Amino acid sequence: MAVITYRQALHDTLRAELSRDPNVFLMGEEIGVFEGSYKITAGLLTEFGPERIRDTPIAEEGFVGAAIGAAMLGLRPVVEIMTINFSILAMDQIVNHAAKIHTMFGGQSKVPLVIRTPGGGGQQLAATHSQNLEVWYAHVPGLKVVVPATPADAKGLLAASIRDDDPVMFIEHLALYNTKGEVPDGDYVTEIGKAAVMKQGSDITIVSYSRMAAVALDVAKRLEEDEGVSAEVIDLRSLRPLDRRTILESVKKTHKAVVLEEDWLSYGVGAEIAATIQEGAFDYLDAPVRRVAAAEIPLPYAKPLELAALPDATALVKVIHETLDATRFRG
Amino acid sequence: MAVITYRQALHDTLRAELSRDPNVFLMGEEIGVFEGSYKITAGLLTEFGPERIRDTPIAEEGFVGAAIGAAMLGLRPVVEIMTINFSILAMDQIVNHAAKIHTMFGGQSKVPLVIRTPGGGGQQLAATHSQNLEVWYAHVPGLKVVVPATPADAKGLLAASIRDDDPVMFIEHLALYNTKGEVPDGDYVTEIGKAAVMKQGSDITIVSYSRMAAVALDVAKRLEEDEGVSAEVIDLRSLRPLDRRTILESVKKTHKAVVLEEDWLSYGVGAEIAATIQEGAFDYLDAPVRRVAAAEIPLPYAKPLELAALPDATALVKVIHETLDATRFRG
Amino acid sequence: MPPAQKKPGKTSSSGKTSRSAAKTLGSLAGESPKRLRDYYRQMQLIRRFEERSAEMYQRAKIGGYCHLNLGEEATVVGLMDAMERRDYLFTTYREHGYAIARGIEPGRVMAELFGRTTGVSKGWGGSMHLFDVEARLLGGYGIVGGQLPPATGAAMAIAYRGPGGPDTEAVVCQLGDATTNIGAWHESLNLAAIWKLPIVYVIVNNRLGMGTPVEKAAGEPDLYKRGCAYRIPGVRVDGNDVVACRDAMKEALRLAREERQPSILEAVSWRLRGHSVVDPAKYRTKEEARRLHDLDPVAAYRKQLVEGGIADPAELASIDAEVEAQVHSVVEFADNSPHPSPDQLFAHAYATPVANAPRELPGDPLLSL
Amino acid sequence: MPPAQKKPGKTSSSGKTSRSAAKTLGSLAGESPKRLRDYYRQMQLIRRFEERSAEMYQRAKIGGYCHLNLGEEATVVGLMDAMERRDYLFTTYREHGYAIARGIEPGRVMAELFGRTTGVSKGWGGSMHLFDVEARLLGGYGIVGGQLPPATGAAMAIAYRGPGGPDTEAVVCQLGDATTNIGAWHESLNLAAIWKLPIVYVIVNNRLGMGTPVEKAAGEPDLYKRGCAYRIPGVRVDGNDVVACRDAMKEALRLAREERQPSILEAVSWRLRGHSVVDPAKYRTKEEARRLHDLDPVAAYRKQLVEGGIADPAELASIDAEVEAQVHSVVEFADNSPHPSPDQLFAHAYATPVANAPRELPGDPLLSL
Ligand SMILES: Cc1ncc(C[n+]2csc(CCOP(=O)(O)OP(=O)(O)O)c2C)c(N)n1
Ligand SMILES: Cc1ncc(C[n+]2csc(CCOP(=O)(O)OP(=O)(O)O)c2C)c(N)n1
Ligand SMILES: [Mg+2]
Ligand SMILES: [Mg+2]
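Chains as they are written, first to last, in our numbering: chain A, 47 to 377; chain B, 47 to 377; chain C, 189 to 557; chain D, 189 to 557.
Think of the hints as simulated: they come from the structure by calculation, not from any bench. In this text, all values refer to a predicted model and were calculated from it rather than measured experimentally. One should not assume that every hint holds.
Result set (PhoX-like, lysine-lysine): computed pairs, CA atoms no more than 25 Å apart in a straight line [what the hints assert, rightly or not]:
#, chain 1, residue 1, chain 2, residue 2
1, A, K85, D, K384
2, A, K245, A, K298
3, A, K240, A, K299
4, D, K474, D, K404
5, B, K85, C, K470
6, B, K85, C, K438
7, D, K222, A, K85
8, A, K85, A, K298
9, A, K299, A, K364
10, B, K299, B, K245
11, B, K267, B, K240
12, A, K267, A, K298
13, C, K474, C, K404
14, D, K384, C, K404
15, D, K404, A, K85
16, B, K267, B, K299
17, B, K245, B, K226
18, A, K267, A, K240
19, D, K404, C, K384
20, B, K299, B, K240
21, B, K85, C, K384
22, A, K364, A, K245
23, D, K249, A, K349
24, B, K85, B, K226
25, A, K267, A, K364
26, C, K249, B, K349
27, B, K245, B, K364
28, B, K349, B, K298
29, D, K470, D, K222
30, A, K226, A, K245
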């Protein structure tokens, strides 16, 4: 177990998979000479050469689609889209093609494609460069959508995604790249489709994913120490498939749940979680499932506005308190 | 009040708005000479000429973006995207531009743009031509998203959308074009952002929109006659903004709700409705809010498979019964 | 005058234009009569297959959209004859003829249109989505331009695996004239150019989108010239000339294989009916309709064979009869094939099984504790 | 050798190439000295504004991404001087200089970078999203290629309203070299061509995407020729030549206004620093870096003015001093301007108020009965 950053975990895993399988190659804008906008691919061009670390023009629809065709012929492309905001330009290839080809052609072709792309706000990148669009992809059958929150999952889920024969949206977070954590050594694969219980607890369940899962864990630890509130924290890890059982088992125990997500509230991931809980654990639920999410406005550039729009630990704590109170006077 | 088809209502409203305001013009593939893939624009080219009924090349990103620029200069483009499946190719212009420009530039520019596009499955158009993607747009602040279910709303909401200074996604349904209904004569505008109670009821609330709202209404009438079950039917009409009050007032009365939607279940519109109800009417709710939605698979071509994948009246009736039973033995 | 006559020619990678080398109808000298008759058989087979498809659509045996190759038979047969078994084909929703000319059993094609388990895509794709991994037909695609990036990527995979040469694989990507106006066209050709990929982009220019003439939709309506923005050479041939189409495609494939030089091949063709079987094509003038009749490639080729003394009417009549019988059994095969059963709905959900994959049918409850 | 020297030239709509008419550095004959000195002032203003922006970014007064026009001053000043007040400008995230040269008070530009209410976009857009409806600067855009379709549509609106003529409006759409590889470029130029729109697509070719050289990214690296796929003419000029940029833009605008002929203007320029202020540009060789220093357009122009006897060092020194003072007060203005207050979060949510618009802040309860 080494303690490394989320960035390092991604880099090392890409390197390991490139070494393991000659069919694995990377494609994307500025991943080679420039070493990647966020330096995930630093050094790989020198080691593996321009055929396997392929710099592309700015043509998201084109190079994502090209990766699909390469995957249909048996290669295993790992595409980097610089940020999830630009994945919108490749959406037709992702949703109408990568997600459909295996099923629509009667199972004759596999599409072993991984699309790595970071989302997230909070860095004053303004409205078009700060989005969290994973819920769109999570809605689409035929895709697998993973959202690692820790360096360990960054490693385990990336390895799993690259070895998977279906198209996987591997969604990273700008604000996680420098976070550190313990990462198992050697070959380490995390099963896709399973949520993780980050922290056990009995009073309330906090459901989250990606960067907000880290925030939720901090809050839960603090509440435990400061107030003796025992919160269980669930990191979804995979949005499609969604591990409903792990969520429901937790609520069955705690009778209360709050969702923390960085994205806009309406029609977000939290909506599915709340809907799932009220259907699957109706009789166990002592209070409404509240969602802590972003204000529904294109994210402003100015810091005070950006801060006001994005969810944070303070908002989560407030809603946890309100939820606990609600159940108290409900007895 | 004339009884006309949904198609006729759209056609007449476009014609009326074109006559009313010289800044209104139509753009899209095959809307002129070909008279529209679904003939909504039949005859308009002859009446208004090629400048105002503008046939475009196949370039969704390009002509939707062009409409945005024209709107910024004060024109009022009404764009037809042949089906919602192709709107994915224009998504960057819709989501990163139309939805952002007013807010991101500090309110200096309006974008009075309407994008008309039909969604829906059930006609054996297979995986890429049968989608319901409105939930993606409903998630995006800066857009307004309307989903008319009746000829009257087709008229009233289209007029409202064209006169609105914000970008409006006006989502039609292939299977509604030939449906008939009473439509008020003359200038008729329906306020955006308000749901409609299609039928009053006291036993259970059915929440739906677009074509499925029509299905829900039929089912509700049948249940009333055959079984004396009094179901209230809510047609959302607008997905963004979402009229939560109308939904909650109904559930406060009926204590039970079911959502009927044509789209895939996970992360769909129904998730937001169920989440909204459990949060806003928790103490009134006697049973979990169930969602009747499509199987999560790229829609197959073969009829037996397509039928198995799509929700219908039978599935809705089953879930209504199960929900009523659930509450009975809950006493 | 149709563009084929107006501007025959080719562009070199430097973009200059010269007269076309394409044979014009009539020059069948040096061709094996047997092969020429076989072309006729294939063209006639596609013709009758498509006419029966239209019928079957009217009789509701076929659903969804149905786009026919009527009028494009010479193009389809010529292009496909130039391809090797090892080459890959990506095409559009107007692809029945390509599948047949590629050697796929026509019964399996009709069965797909009928949505049966014996169909090439097992009934999952329908008319717009024919796929056969053995025949290396890697899809009909219904999204305009959608096939272009994947086809380009398939060529990238070939290049990834080794250098070019006469015996290497290549990719053929077919598209329509109106598809040259979409962004994916530009991005794909640019990638093919900078990466030197073994691919041929074949534009079947039937001069119409659905109802929009190519001149109204394309800034450069001489489509074979549009590669100039990438230094990609282009050639235009008469799509009614089966041999010219074959020869032009052979040369384009040679460029792709041996020089790893992507190129554009434009075949000027004619859509004899509406955009799809439900389109009455009202937007066409009587005059146009009449000219179309004269431009029927099957009739023209038939005449050419007879006048060229390559086949006598009796021979051709017997081919027609055989084709008739074949198409009859094709329809029967399709009609007698089983429908997929609803319990197969999730049979092709994922290639790699995964935990918690959703399998609910409409109205099923979700997991509940 | 840089492309500007390698292949000066223009393409007519017929696609042929000829030598460029663009003046080369040195020929300032017949220009008003006053105007030439004013160009110097503007170039120096942009130079110092950008250098201070970099500083302010390091001091965390500016957040997000910050892309500078350092090295592009001559291009920016020349292009903007050719535009009329009535013309519209769409540009990219690398646009501070354009806003200033368009006549917007530099203090309001810096204030936007600082995210203050006095900023051109009231603090909502930041460095990448400058907008000023009065100056008809219709946006800096951060999505590569995102500005192209709206700019094309703005030109469509102008055409919708009336025929062309010397006094009509036109649109200038600026983009970078690497942006010519994205689909929106193709779709936009095709629309401009078939609809004869009054627009000039100005490619500022600084020969790099972020770190990718134009030759590696574009199948036709002579970018001004890429209009050949739409019969759109193109011209290339030396972006370090302020007068050549101005004159080429004047002619392109004339084409747009009077002939409704869209065109491409490529200005070959040089990015003196990294892609954005945080990019150390490690990928650049020492040699390249050294050559860049010689290619500094401000220094070159300064030398030219002195040697041409248009301004003596003392005059220029005093201009420098004035600019210095101006930039000082610009930064002060920005720094003393108020931050937007959080209660303004929904101030620009919709242009037309609507029922049930969401106004919850994170953690707020939803409507509850
Ligand atoms: C992205 C997209 N936009 C629009 C359509 C609807 N559509 C289907 S075929 C077609 C016309 C295509 O014309 P062309 O490329 O010339 O091919 P042809 O049908 O003539 O063979 C259109 C507009 C689509 N399928 N996909
Ligand atoms: C669609 C999209 N893809 C990628 C990016 C990331 N990106 C921002 S600028 C840039 C390079 C653009 O280069 P060029 O067009 O030459 O303009 P320059 O920065 O040199 O002025 C890239 C890749 C983006 N903003 N949008
Ligand atoms: Mg065509
Ligand atoms: Mg550049």
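A quick look at each hint next to the structure:
| no. | hint | verdict |
| --- | --- | --- |
| 1 | K85/A x K384/D | 44 Å, violated |
| 2 | K245/A x K298/A | 16 Å, holds |
| 3 | K240/A x K299/A | 19 Å, holds |
| 4 | K474/D x K404/D | 20 Å, holds |
| 5 | K85/B x K470/C | 12 Å, holds |
| 6 | K85/B x K438/C | 42 Å, violated |
| 7 | K222/D x K85/A | 48 Å, violated |
| 8 | K85/A x K298/A | 43 Å, violated |
| 9 | K299/A x K364/A | 22 Å, holds |
| 10 | K299/B x K245/B | 14 Å, holds |
| 11 | K267/B x K240/B | 23 Å, holds |
| 12 | K267/A x K298/A | 21 Å, holds |
| 13 | K474/C x K404/C | 20 Å, holds |
| 14 | K384/D x K404/C | 12 Å, holds |
| 15 | K404/D x K85/A | 20 Å, holds |
| 16 | K267/B x K299/B | 18 Å, holds |
| 17 | K245/B x K226/B | 18 Å, holds |
| 18 | K267/A x K240/A | 23 Å, holds |
| 19 | K404/D x K384/C | 12 Å, holds |
| 20 | K299/B x K240/B | 19 Å, holds |
| 21 | K85/B x K384/C | 44 Å, violated |
| 22 | K364/A x K245/A | 20 Å, holds |
| 23 | K249/D x K349/A | 11 Å, holds |
| 24 | K85/B x K226/B | 16 Å, holds |
| 25 | K267/A x K364/A | 15 Å, holds |
| 26 | K249/C x K349/B | 11 Å, holds |
| 27 | K245/B x K364/B | 20 Å, holds |
| 28 | K349/B x K298/B | 40 Å, violated |
| 29 | K470/D x K222/D | 40 Å, violated |
| 30 | K226/A x K245/A | 18 Å, holds |
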